[in-house]
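*Asks:* Go ahead and model the full structure; you've got the sequences and the hints to work with.
Those protein sequence lines, which keep their order, are chains A and B. Residues 1 to 423 in full-length UniProt numbering are what the first sequence lists, from first letter to last. Residues 1 to 423 in full-length UniProt numbering are what the second sequence lists, from first letter to last.
Derived by calculation from the structure, the hints in this document are not laboratory data. A few of these clues could be false.
No distinction is drawn between identical chains; accordingly, a pair holds when it is met within one copy or between any pair of copies.
Here are the simulated EDC-like cross-link-like pairs (lysine to aspartate or glutamate), alpha carbons at most 16 Å apart as the crow flies [stated by the list, open to error]:
no.	residue 1	residue 2
1	K78	D47
2	K412	D395
3	K25	E364
4	K287	E318
5	K25	D333
6	K287	D47
7	K287	D95
8	K412	D380
9	K279	D247
Everything numeric in this text was worked out from a predicted model, so none of it was measured.
2 protein chains.
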Amino acid sequence: MTLNIEQYMTDIGQRARKASRAMAKADSAAKNRALMLIAAAIRRDADTLRAANQQDLAAARANGLSDAMLDRLTLSDKAIATMAEGLEQIVALPDPIGEISNMKYRPTGIQVGQMRVPLGVIGIIYEARPNVTVDAAGLCIKSGNATILRGGSEAIHCNQALAKLVKEGLTGAGLPQDAVQVVETTDRAAVGALITMTEYVDVIVPRGGKGLIERLIKESKVPMIKHLDGICHVYIDDKADLQKALDIAFNAKCHRYGTCNTMETLLVARAIAADVLPKLAELYRAKEVELRGDAESRQILAGYPLLKEAVEEDWSTEYLAPILAVKIVADMDEAIEHINTYSSQHTDAIITEDYTRAMRFLREVDSASVMVNASTRFADGFEYGLGAEIGISNDKLHARGPVGLEGLTSLKYVVLGQGQVRQ
Amino acid sequence: MTLNIEQYMTDIGQRARKASRAMAKADSAAKNRALMLIAAAIRRDADTLRAANQQDLAAARANGLSDAMLDRLTLSDKAIATMAEGLEQIVALPDPIGEISNMKYRPTGIQVGQMRVPLGVIGIIYEARPNVTVDAAGLCIKSGNATILRGGSEAIHCNQALAKLVKEGLTGAGLPQDAVQVVETTDRAAVGALITMTEYVDVIVPRGGKGLIERLIKESKVPMIKHLDGICHVYIDDKADLQKALDIAFNAKCHRYGTCNTMETLLVARAIAADVLPKLAELYRAKEVELRGDAESRQILAGYPLLKEAVEEDWSTEYLAPILAVKIVADMDEAIEHINTYSSQHTDAIITEDYTRAMRFLREVDSASVMVNASTRFADGFEYGLGAEIGISNDKLHARGPVGLEGLTSLKYVVLGQGQVRQ
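*Replies:* Below, the structure is given as structure tokens:
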């Protein structure tokens, strides 16, 4: 069986590599036409998609999946409409491929610059949500890449139905069907093959829980665009504007609990702590947020109904829940030291009106997104103006932070000469 | 013993990580001052350096190293002067760190842009040449990184003497000594530790022969900026200017045989082959270049004294010698197909006066450098205007092509707000 899977995946890889060459040459009009055709087909076949989704949901219920999982798996009318609109938004984005920049003449007379090109073949590994199939396919098509999609086994019927519509759109626009392939087996060996086929896959984008990503990091031979977790900080400086501090610290924690850009640790300057913490506690109390404080903050917060002691582990925990670690620091230096030690290098913010501290925080905090006087919840491809997001990277090589179309591209050097030779 | 090496390397890694934080904050003046001090110390201690080099050379002779290796190991007066001048050239380059670009207001009122930051800790693994110690240290200092240098065991005395001067310069400029560390053991286990310490090392730049790189690719857990080989092509189109074709095809092969940007395979359009090949053969003949041709080119080249039959293996061989593979192709499509199949994605060039073909070649050839009417020998950091080069990358993620200061940096997002929260 596993041998067959390997052969099956190699075949998919070879087809993807071949399709990627055609996609790299495809002009903007053809790529946009494919996206429009897919959007139209999704609207036209909404009933079929819902029926496929019902099959998945029935199997999921039979397998006893949690309500949260069933919720993520459900393809509502709104989700179907959003998928189609998402594709139309990608159409509206400028085509990144072929863009030439920085063409400069050198003393030898050659002209040197860079051209933006696709990465080649992108493997996407994701869990329940079927909309990722269409979102990821759309971004990969627009950026001239071929893609291999490996969705969760729970969504297999829905993903296959969507894949059919994607292929219809590609064919209608004269692009190779194999530019988007959905792995049609739920065998886990398929993932193992996908992340080790370095000759056919250029990059893997995993989207899912920490367990999935950790396993992939251990086993993958193909480079990944990924983040493991989001342990995001807000530091309230003693030169902070109190209202901004309250607004942002509340929003960063309570706007949504389950997202990777949610604040998990609040750092407060000692000089302002007795003023700001009680006011913040009132806001958190209304949302029943549990506070896990160090000794000093617990003194200030005494009487807060959901107050616990923070232990060492709390500083490196991503709660994804109405829980917040709280720590008093002497000053910004201690805050930066704490962040650079415990942060997952995702997103960290300072609240201050002090110019020099703001500039130093921006420079010295070593995270993918560093903010002044703004909620960490803004760390998002759409909010940053990238148009759409294939994932978020906490790594430093290649793309960092929210990854949009450009993160799926690379730059090659182009040299224009008139017969020059090296002396 | 190996356990001790591991502890020794972990200690180096921890020091480097700590130093990298200080280097990331260091201002341009301090970094430039360190470089100037190192340059002055190298000139001052030229005698000491030569003495250390004599120790290495004596040991190398005793170990029976080849003349070529001895030549690469020798630190001549000129090499010493060039090292010092190289540092001064790096001083003259603009500091890439802290540069903020693309700050744009979003509809929410936040301003989003990117800041250039160091990668962190760079591991450099190289063979004989001692000048790499100083060149690499200079580039890493200027780009705000800490670096761990692991040179060849043949050059250990010279590298240690150079490291002492580098540390003197760092200290003199108020920068941490540990920003540049030379691994002081020749035990191979040190390399094994260096390429797997993902918590302390952010990227490895290997510089050496194919054997070294292949071994590192297999074992490294840390991402690498590297190229394995340079199988570079020149395609002479039937719309080529004959003189440009002769100049470039001669220069690309014969300017230097041992470099990675040297042409290894020549592709010639059928329609022009009978005209251009005999003229080229005259030039190659003077340099005693062996030609390995396909059946068709051998007919045209009949009588050339160093003519052999090209076998399949020749199309993917990097000769690094006065040997050239030659193949006749029907047209540019066949040339591109051949290049995208056999090229090592290093550097490939077309010679043509046809505008549409030139543009298509640039877009469709999937290599780090793609050229029109210029010698492949131009693929080089200095020739491209990067100022200096730490290596060349054939990979698509992160840096591609010649890698200068910018390739040792990353971009993080910076967000400037006025108290904005996510709605």
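*Asks:* Given identical chains, is K25 near E364, meaning Cα to Cα at most 16 Å, within a copy, between copies, both, or neither?
*Replies:* between (42 Å within a copy, 6 Å between copies)
*Asks:* Checking K25 and D333: alpha-carbon separation at most 16 Å within a copy, between copies, both or neither?
*Replies:* between (51 Å within a copy, 13 Å between copies)
*Asks:* Please work out whether the CA atoms of K412 and D380 approach to 16 Å or closer within one copy, between two copies, in both situations, or in neither?
*Replies:* between (27 Å within a copy, 13 Å between copies)
*Asks:* Using 16 Å as the alpha-carbon threshold, which applies to K287 and D47: within, between, both, or neither?
*Replies:* Neither: 39 Å inside a chain and 73 Å across chains, both beyond 16 Å.
*Asks:* Can you tell me if K279 and D247 fall within 16 Å by alpha carbon in one copy, between copies, both or neither?
*Replies:* So K279 and D247 pass the 16 Å test inside one copy only (11 Å; across, 77 Å).
*Asks:* Taking 16 Å as the upper bound on the Cα-Cα distance, should K78 and D47 be classified as within, between, both, or neither?
*Replies:* within (13 Å within a copy, 77 Å between copies)
*Asks:* Regarding K412 and D395, is the shortest C-alpha distance of 16 Å or less found within a copy, between copies, in both, or in neither?
*Replies:* between (21 Å within a copy, 10 Å between copies)
*Asks:* Using 16 Å as the alpha-carbon threshold, which applies to K287 and E318: within, between, both, or neither?
*Replies:* For K287 and E318, the Cα distance exceeds 16 Å both inside one copy (18 Å) and across copies (66 Å).
*Asks:* If the cut is 16 Å between Cα atoms, do K287 and D95 qualify within a copy, between copies, both or neither?
*Replies:* neither (44 Å within a copy, 47 Å between copies)
The structure fails hints 4, 6, 7 (numbered hints given earlier, in ascending order).
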